[in-house]
Structure formats: structure tokens, C-alpha cells
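Taking the hints into account, I'd like the entire structure generated from these sequences.
Everything in the sequence shown is counted per this note's numbering, starting at 72 for the first residue and increasing by one.
Treat the hints loosely; a few may be bogus.
[As the list claims (entries may be wrong)] Distance condition first, Cα-Cα at most 30 Å in a straight line; then the derived DSSO-like pairs of lysine-lysine:
1. K186 with K494
2. K453 with K251
3. K186 with K461
4. K494 with K251
5. K186 with K453
6. K494 with K461
7. K186 with K251
8. K578 with K186
These are calculated hints, taken from the structure and not from any lab test.
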Amino acid sequence: MAGVVAQVSLRRLRGFWFLVAAALQLFHYRTAVGQTLLEVASDGDLVVPVCFMLPMFGAQPEDGGLAPLAQLGLLILTPPTLLALQHVNSANCSVLGDDSCEALLNAGGRRVRLKPYLYNMESLAPGAAPPLVQMCASTDASVVTAAFTSAQSSLVASFIGGLGRLLISSIAASPALAEKALYPNFARTIPNQAANMVATVHLSRHFGWRNAVVMHNQDVLGSQLTEVFTDEARRFDVSVSSISLGVSLSDTEVERAARQLVSFRWKIVVLATFETETLRILRIIRRVMEEVGLDYSSYVFICPTISTEGLVANSLQDGMEEDSTQLQLFEGMLGVGTQVPVDDAVRLQSALRDQTAEELLEAMETHMSTSGTWPGGDVVDKMAFREAFKLIQSRDELNDYVMACYDAVWSAAIGIAAAAAAKGNSSDGQPVSGGAVMDLMRTGKFPEFQGAWGRRNFLSNGDTDLNHTRIEISNYGRPPGAERARHAVIARIDLQTNAVTMLSDEKAVWGNGRQYPYVPPDGSSNRSIIMTVLIACAVGTGMLAGLSSFLVWRNTRLKKRVTTLVNRARNEMDLESPMAKMLEFLRRYRGPRRSRPTGADARMLEDLIVSHSGALTVPDLETELSNFEAGIKGFLLGNMQRGFRGGQSSGVSLSPSESNGSIVNARSI
72 MAGVVAQVSL RRLRGFWFLV AAALQLFHYR TAVGQTLLEV ASDGDLVVPV
122 CFMLPMFGAQ PEDGGLAPLA QLGLLILTPP TLLALQHVNS ANCSVLGDDS
172 CEALLNAGGR RVRLKPYLYN MESLAPGAAP PLVQMCASTD ASVVTAAFTS
222 AQSSLVASFI GGLGRLLISS IAASPALAEK ALYPNFARTI PNQAANMVAT
272 VHLSRHFGWR NAVVMHNQDV LGSQLTEVFT DEARRFDVSV SSISLGVSLS
322 DTEVERAARQ LVSFRWKIVV LATFETETLR ILRIIRRVME EVGLDYSSYV
372 FICPTISTEG LVANSLQDGM EEDSTQLQLF EGMLGVGTQV PVDDAVRLQS
422 ALRDQTAEEL LEAMETHMST SGTWPGGDVV DKMAFREAFK LIQSRDELND
472 YVMACYDAVW SAAIGIAAAA AAKGNSSDGQ PVSGGAVMDL MRTGKFPEFQ
522 GAWGRRNFLS NGDTDLNHTR IEISNYGRPP GAERARHAVI ARIDLQTNAV
572 TMLSDEKAVW GNGRQYPYVP PDGSSNRSII MTVLIACAVG TGMLAGLSSF
622 LVWRNTRLKK RVTTLVNRAR NEMDLESPMA KMLEFLRRYR GPRRSRPTGA
672 DARMLEDLIV SHSGALTVPD LETELSNFEA GIKGFLLGNM QRGFRGGQSS
722 GVSLSPSESN GSIVNARSI
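Next comes the structure, spelled out in C-alpha cells:
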């Protein structure tokens, strides 16, 4: 949701002094205004005052041309609010579907009707909210429905709660506002976008991305969304770097952020910023990338708060859809949005198309004149309102904020009726406080109903219950061979298990034209050259250490084997032999000083060696071989002679000398 955010710091300071003045002025009203006196109309209905704070008109364009896009983005919130007010007061159930709105609006036998106090919001800057709260505090309204941003809501919600009133916002999505210790009487009909940020983390994990950059507004919503994303990413080892787009999102601040982005070289970029500013931000980012020679199409941009269709519709003014240069900036983008039942949204779209801008303008003037807040026709820019209403009617789908504004009015009326019925205060003059409506949410007794946004129920902290919904991942890309890019839902994420389910009928098309299952890299490899070298060195060192350990182990094992063989040889050696004595002498000589051999030991060893000198000489191998050969011959001849004597058939006779020699030599064998 976009707004006029220039000079926010100055406006915040001004808003603080407004709150101080309001606190002094409203001290007198604390007891009285915390409760609403139910006025009984002539037809028996209970008339309940409620404050509505909406961007209904702005300054007239000086050149007489079209209203700026930011102003149109604000004004689209007013028509669904005025339509819901009309439907509540006429008990028109055409948008609520099968629910009986008459039963929902019943307060002990009487039907609740709203008496609106309409106040115009000049902008979405934080300082624009306190003056409106100050004016509403002087009325007897106990419920305030407002198109307050997260920054505006955080500024005034505690103050409103301290007066016993209830603030229902239709566009404040910051996770911080769920903290009941700070904002006890605060509810909202727009989902807490913490779920979207968590889903974005699990989408990144599904695609295998381990690094991401979050570019965010420097405000309550942007900072909180970044914190939620970072905390969830750390749980799954996804690295996150955050880049601030500044407070006012000026071109200078955005360009500074873009240059910081290209220095990271990470290619997954989460844009936690106003949707209407996305086009300008992307345009500056692409220009900076082209200056440094980077390929814009290699990056993946993710909008974590809305579908790609809603993003493009909110970013482009009427007639800009044909500008292909602008649309190319969105190609390959992913959007993370909450799934809305189609039938419910279609019913609201049909009801809005049945209205005319003039009918709503007339109703707005009537309500504001009654409450004394109509500034006069010369100040009101009716042309801008007509343009905004035309923009709503021309869209194929309504965005979440339009549906949340419609449901906020019904939530206020149904809550007041239920609180009055629970207390039995249905007669004239009986009070109902905004705190009583909040108590219904805390205790789970707030009536469920089928709103424009789907099944509407509130959690104990006033947040919208998302149990009936799922997160949808959309993609804007140009399929191969197609002339134009298209929007498609490519995946769904279950909010209970965070499981990602890719749809088979549609595939993501990235900025470079390639389709899923191809997934663009997250850019971490471009930044990890030094890390890769370090890892390689570490691996090499580890391998060398392992090899050294193996060699030491092998040498130790071989040494053990050699030692074992030596010990075995020593054990088998005759301890009294000269060799054993020599080894013993050497072992003692190498041992400790006290056990070393003396001169007497050396002389004894010498005598032993000399006495065995004949056995220790080197043998005459030639003589031994001759004797061996003669022995073989004698053995063979002796056997032949014995055979001749026994059988008398050989015809060979031996001399006595040969016979004796054979016997002697045979023995030598």
C-alpha cells in the first residue's frame, strides 16, 4: 500500500505534539467517550456512532490534469468503505453470501445501524493520524475504523485503547502490532504479513537459495517484516543482508540502496516496500546495474506482500499497461499473496460495478455534512475520486486492501451488536465500549461471518485468522514463444506445515526467459572465490595430514612386525652360543650406565669367541660341493652294485675300492 511519505520525521514530531494536546484535551472525556450510548431510532433500530478515517479527497491538481498515482492508490480505499456502510444500514447481504446479516446485526431483538463520523486523511504519513483521532475523541463513538498504516496505527493505537475504544485498521500489516501489551484494543482486517515473510523464506529454501537481500522502507512495517524474514531465515541457515530504502524513498536514497545491492552480488532480492513505489525502485535498480555492467534479468525480485497481478495493477497508472518497457521490469518477478476465495471477491466486484461514483460522492457529502466535517465543494477533488472509482471497476481482480476495507465496516457493526447482545444492553441509553468488542475477540466469541475477503474471524490478539486460507506464489513472466508476459499462480504454501507445493499446470518463467525446473542461482558463487580457495587449501591440508598419519601408522606397524621377528629369533637362539652372548653384550652396552658391561665382561666374551673360532670361520664352499658331488656318485653306484649281486643280470663288476668308497660316501649323504 502506497502513501505520501515525504518528510516523515517532521510529521512524526508534529504528530507527537498533537498527541500531547489531545491527551490534555481528552482527559475530561476519558470516562464518557470510552462507551457508546445506543440510540434507538424511530423504527426501533439501534443507532451506533462509529468514526471512519479515510483518504476521501485531496488537493485539486494545479494543472487540471489527472491526480497523481499515489493519490489514486489512497482513494480506492474509500468506495468499498462507503458501500459497506450502505449495505450495513440497509441489511444488504449480497456480498456476505449465505450468512444472514440480519442475525449478525441483531442486538437483543433490535438491529444495529451505524451513525458514521467521516474524517478525511490527507496522507499516509504518521503525522496525519493524531489530528483525526483528536477530532473523533470528542464524539461518543467507541469504535474507530481507519485506513491507518502500520506507522500510523502504532502511533495512536495505545492512545485509543487507553480511552476504552477499539481501533480496526484495514491496511496495517506490521507484525509488531500483534503485541497486545502495547496495543490492547487494536484489530485489523488485513492479514498480519509475518506469514507472508515466513512463506517467502520457505519458498527460497525450496528453490535452493541460501542467500537473499531484503530491501525495505525505514519504517515500522518495513523494519518488522525484515526482522521476521531474518529470524526465520536464520533457523534454516539462509544468509540475509538488509538494505534500507530510506524514510522518504527519494530517488537519491533508492539509488544509494541500489548501489549497495550490486556490491553484494546476491541475486535474490525481497522488496518489502510500498507496491506503488515498486516500479520506480526497479527502474532505478536497472539503471544502476546497467552502469556497472550487470545483467538485470539474472536477478529474481520477490514482492512478499501481494500477488504479481496486484503489484502490477497498483504500480501502473491507467493506460500504462501497453508500455512494454515498463512491464519488462516486472518480468521474472515472484509475488507472495494470501489466497482469497474467488466467489467472495466477485460478489464485491459486482456490487461496486452496480454503483456509480456520483452515488458514493453524494453519500459521502451527506455523512460528512451531518457530522460537520464536510469542507465544501471547492476543496474536494471529485475528479480524483471518480478516477479512483473507475480504476476499481476496470480491474479484473480486487486487491486485499479493498476487500479489507469493506470487511472492516461489517466487523465493527457485528462486533458492537454481539457485545450489546452479550451484555443484554439493547435498550435506549445502555453503553457498549470498544473494549467489550475486543473482549469477544480475546475469548473467541466474536461471530464468524463470510466477508468479501473470505471466512472472517479474529484471533485473540485481534489479527485476522488465516486458518481458512493459504499462501499463493504468483509469477509474472513471458513463456517461450509467447508475445506477452502473463500472471500465473505457480505454487501454494501451507501455513501450518510451510510445505511448498508446485503446481503442474503453470511454471515459473524467470527474467532470462528460462522456465522452471531451471532455478536461477542466488549469486553466492560470484562472491565466494576467496572462500573457495580457502576451502581448497583446507582440503589439501587435510589430505596431507591424512597421508602423513597413514605413513606413520604403516611405519609403526612395520616396526612392530620387525620387532616381533627379532624377538622370535632371539627366543629360538641358544643363550649359551657365542652369537647370543654377543647380542647380550651389545644390548647391555646400549642400555643404562649402571648395566653396561665391564672390561672383565669384554675379556670373557673375547675368550668365548676364540674358543669357538673353528665354528665361526667362513666355510670352504668349493670343497663342500666336491664332497657333495662324490657322495651322490657313490650312492648311485652302491645301489647299482647291490642290484647286480642280487639278480646277476647287470653285467657290471665293481672293484673293492669303489665299493668301499661308495659305502663311505653314501654315509656322508
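Status of each hint after checking the structure:
{"no.": "1", "hint": "K186 with K494", "in the structure": "21 Å, holds"}
{"no.": "2", "hint": "K453 with K251", "in the structure": "39 Å, violated"}
{"no.": "3", "hint": "K186 with K461", "in the structure": "27 Å, holds"}
{"no.": "4", "hint": "K494 with K251", "in the structure": "24 Å, holds"}
{"no.": "5", "hint": "K186 with K453", "in the structure": "23 Å, holds"}
{"no.": "6", "hint": "K494 with K461", "in the structure": "43 Å, violated"}
{"no.": "7", "hint": "K186 with K251", "in the structure": "28 Å, holds"}
{"no.": "8", "hint": "K578 with K186", "in the structure": "50 Å, violated"}
The earlier numbered hints that this structure contradicts are 2, 6, 8.
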